[in-house]
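With the hints as constraints, model all of the structure from the sequences given.
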Amino acid sequence: MSTTDGPLALGSGGGLATPPMGVFARPRDTPGWRGWVTTVDHKKIGIMYGVAALFFFLIGGIEALLIRLQLAAPDGKLLSADLYNQVFTMHGTTMIFLVVMPIGAAFMNYLLPLQIGARDVAFPRLNALSFWCFLFGGVVLNSSWLLGGGADGGWFNYAPNNGVIFSPTHGIDFWNMGLIITGISSLVGAINLITTVLNMRAPGMTLMKMPVFTWMSLVTQFLLLFAIPVLTSAQFLLMFDRLFGARFFDVSAGADPLLWEHLFWIFGHPEVYIMILPAFGVISEIIPVFARKPIFGYPFMVFSGIAIGFMGWGVWAHHMFASGIGPISVAAFSVSTMFIAVPTGVKILNWLATMWGGKLKFSAPMLYSIGLVTMFTIGGLSGVTHAVAPADTQQTDTYYIVAHFHYVLFGGALFGFIGGWYFWWPKVFGYALGDRSGKANFWLLLLGFNLTFGPMHILGLQGMPRRTYTYRDGYGFNFWNLVSTVGAFLIALSFLVFFWNIWNSRRKAVAASKTRRLTMAGDPWDGRSLEWMLPSPTPVHNFDVVPTVTVLDDFWHRKYGEDEQGRLVRIAATEDVSQKGDATDVHLPSPSYWPLVLAFGLPWLAYGLIYNLWFCVLGVICIIAGMYGWIMEPSTEPGGEHDDHHEPHPTDASGDAAATTEEAALVD
Amino acid sequence: MTDLVDPHVSNAPGDPADAPDPSHGLSHVTSTGISNEKLAMWIFLGSECLLFGGLISTFLLYKGQTAGGPELHDLYDIAFTSISSFVLLMSSLTMVLAVSAIQRGDDRALRAWLLMTALLGSVFISGQVYEFKEFLNEGLGFTTSPASSAFFTLTGFHGAHVTIGLIMLISTMVLSLRGRITQQKAEAVEIVGLYWHFVDVVWIIVFTIVYLIK
Amino acid sequence: MNARARSRVLKLAPVLLGVVLVTASCASDAPQTTLKPKGPAANTINNLINPVFGVAGIVFVAILGGALFVALKFRAKDDTDYDEFPNQVHGNFKAEIGWTIFPAVILAAVGVATVVTIFDLAQKPPPEAVQVEVIGQQWWWEYRYDLDRDGTYDEIITANDLVIPAGQEISLQIRSRDVIHSWWAPALNGKKDAVPGRTHPLSIEADDPGEYIGQCTEFCGLSHAEMRIKVVALTPDEFEAWTANQVEEFEAPTEERAAAGWAAFAGQCTSCHRLSGMTDPATGGEFEYPAVVNQVSGAAPNLANFVTRTTFAGAKFDLRKDTEACRELGQEWASTEEGLEQCLNRTDLEAWLRNAPAQKEMAAGPVPHPTSRGMNNFNLTEDQIDDLVAFLITLK
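Each protein sequence line maps, in turn, to chains A, B and C. Numbering-wise, the working numbering puts 60 at position 60 of the first sequence, and it's gapless, one number per residue. Numbering-wise, the working numbering puts 726 at position 58 of the second sequence, and it's gapless, one number per residue. Numbering-wise, the working numbering puts 1052 at position 170 of the third sequence, and it's gapless, one number per residue.
Quick caveat, the hints were computed from the structure, so don't treat them as lab data. There may be inaccurate statements among the hints.
[Claimed, not checked] Which bits of chain A does chain B cover? Going by a derived footprint, with three or more residues having C-beta under 8 Å, they are:
| # | segment |
| --- | --- |
| 1 | 190-202 |
| 2 | 228-236 |
[What the hints assert, rightly or not] In silico lysine-lysine, BS3-like type, Cα no more than 25 Å apart, as pairs:
| # | chain 1 | residue 1 | chain 2 | residue 2 |
| --- | --- | --- | --- | --- |
| 3 | A | Lys439 | C | Lys918 |
| 4 | A | Lys359 | A | Lys439 |
| 5 | C | Lys959 | A | Lys439 |
Even glycine gets a Cβ: it sits at the ideal position worked out from N, Cα and C.
Encoded structure:
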């Protein structure tokens, strides 16, 4: 988009701007693919997160199907032990770091600024950097498949099995470097989104008027902020061990393998909540809309989320009940783990209470939300059974655990996210996904999901260990493994329905409107939060005027009020309280190449450390060039460099800027 | 880490392009009243605490694991390291003076104090390099033992942070020379200062844990 | 549409119910199951978890049933109904406090029971308990017995089968020589990790004589799936006899084939394997074993009394054929010519000697080197293999 001077003019000019300072030009008119690689628009970045995550989901999904094929019958011969170990390691790593986390990031990037009434995130270029780091981290991780094989130590990569002696290929190096790079992405993203939510809320949007999704995202970002550096520090130790001969995990020199376990799970348990809390947020937006009631107990929803965030730091050693940490630690972590079920249970019951007495409409997003509530409950209950530490010594490292965390992360996080896709698809792409196909998609997924992971409870209790490339006849494992494999293919089929639905719905919408630039009503679900007052798809500048917020669910209350009897009545037509998206005087941050250039240096650092330090030189050049360009890049804003005196943007409240600022105090 | 340097540096020249609408150009118009850049630095430093937390825990676990190599406490020259620690602490003072100079609008004093800060920081880094070299001569290499690996990693990470701080200080000086750090931009210096003070505080903890506690 | 949604919801109910029922009644032919404890520790765990499963089951039915009920009862009948607003309830502080406190109380009860059980299970075994050191390495388990209770586990060194007396408490000290493993025989007790550099205690006891199987449950690399565990519980008398036989010293065989086998063994196999208690006829004393440098763990199974075991190669293969008749013979299956003839799993043993890495996934490499894990292919001739088998079956 071009804003060298004058008002915003979409896609008007061509070529590059003359560099105002004679240093670096900043791209301005950006059609086609260049518009995507140079974008700093949180919406485009959100979409790119989603697309990349779906691509990695295909890879991780194929890995999952390979695992299920191998285990469909006893003594499977499809994969060798070596390959199987790589496949399950990469499946776990991919699904966690390259699928569930970035899908969460996709929702947060797209929605947070809209839900708090902001034009963009606090640091748009850092936002682009986050995305590119995530993408390149994923590429480094997966490039191991082409460069000698993937990591083979499990996603948790316990020491000393992750050492060079026990894993002599470079797989674990790729794993290590790839995740350090995605860690940079998460860290930069966390700083950016926390700043955004704390600092850029619309006038009147106090913390306790933020939508629940925004709240859960904020908690998630704080968890990332503090959890990622712990993993990064552990990964640096591992990198020094593997590449430079350090002795952090050399037992013969007196090292203690439990160091890795502790560091990994201090990261690893908050990580679980990093994955699930955004999905909790998503369905907390969906359920009220389709129940036509406000969320039940908003403060409880918010504070239980915060409580989960805090308690998530005190439970990590429940991954280590069998590791010999001593009965006092085991008892303490056992009890703390049980009590984290309390705030989670509050959420479940509050969702049900939101539905209670409502007028429920089972559109696809609602079905997925109920899917989350029920499936997550199953995962939560099995979670309580292995918080009982003595029982966990029977359950841990068996398929019972595999069942548990798939109910939590697939039945929980992914169900919520898919519901979110159906819910916000119109807002993002200007057309709705077919509801009938969406329902078919849901029931097929629900069936496939339960067939795949339900039997794993039984397998685990019958003693089938995890991470085994084969099992024997005569152990009672055959039937349920076969069922599970059939279920896995039903899941695959349900995703085919999903992709077909995307294609087909778009085809129909294009045919109906005779244009490829699809638009539709801004508020198709009779929504509650601010993003629904915008046209669909969201205009590049988000808000024509920044809304002034007075209550929770502000947009809803602009549409509906109460009559004398306290009944809800419409007080304004949706069109009258929606924005037209036709503002022309909005200055937007200009696109930039530099986040991409900077992030592009990181994979070369990784390859350099693994193969040849000369690659590092290339990487460092990219990084320095990226930073220098970043700093020297001129603004394309009218008035240029030193101009600090812009008029504050108009808000829809009649009052001056100073007054609205005061309304936006930290808490109400 | 390097990529995280840019928000404040990039804002030092007053690049408003990074600050979108409600706040840009009017950096005090934020919901909290704290500018985005300063808030981001505080948040970043929160994260850094956990990074050093991980490394410090590692050191505490391993400091006695010498695998037949030299004991760390036999090699320490506490007097020497105390002096270099004192030098680093003094640089926090000069940093405060630099911030106060630019808040008064005194460009020359700003540059002088920044230079002083950078010099003191460089003295500290030189001391660390010298110390590392001495340890190597005494037979304590990076790969000698878990204790030595943990020692060099922890102090090395801190040294890298100081080095990044030095780059930030020098960049700020250069920008000031070009006239791009005005009194209105004093906050940019303040943000660099936040980072610098954080690195100093971490050193006090590291120095206590690594050198003073047996 | 709503009717259809309803019928779909109803169709789902039996599926979920089915899952519950099947979980509750697991298949009977599962020898590694956690649900049929055969020893006091496993019983304690079972008695703790069964009520928790019950409570979880009730909550499961309540929440899923509740969700189903709410979904059916409060569904909008049609679009006009949907457009009529329900009562706009924002919350109910009392109810929410209630469902914060109520689960917390239930969990507190579970927590108390759990903590009590944790410390119960962590009690030190009595001093008269049989003392066994359990050492995991890629990908087999070594068991060393301290019979004279001098703190060194050197009287019996065996592998794959952990032989114990039934009805007595066994004190295991679990260690590892390379990576983290986890020792688990679900019928007897929960698992405990074998962490290199650490020793972790675990007590087991089998109520009755019999065989109890398990396997390594901490991912430990290539053949993690085939690092199996077998606990053989004998009657106290049988155990007495077994130990007496194990500690007895013996001479290298003199019969021609077996002697040739010993020669081959001494020439090649002793670079890793040991035969504790065997006198070398050449010297009249113990054989001078070289240091084991070709294995990461620095050890290979000690093959003394080899054919008193029922499995080999990390318990991946049966040494004693797994038939009813052979199982009857117990650990002494090879003590008679007839038993040996009938029950020796010669096929797998010869295949193992022919090309071990083809029989089990290992990181042995073409030439033994310090990072080898597992047995190599030594390109033995069929004659050598026959000789070796003839030698091995003398190790009774």
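Indices of hints not satisfied (ascending): Number 3 only.
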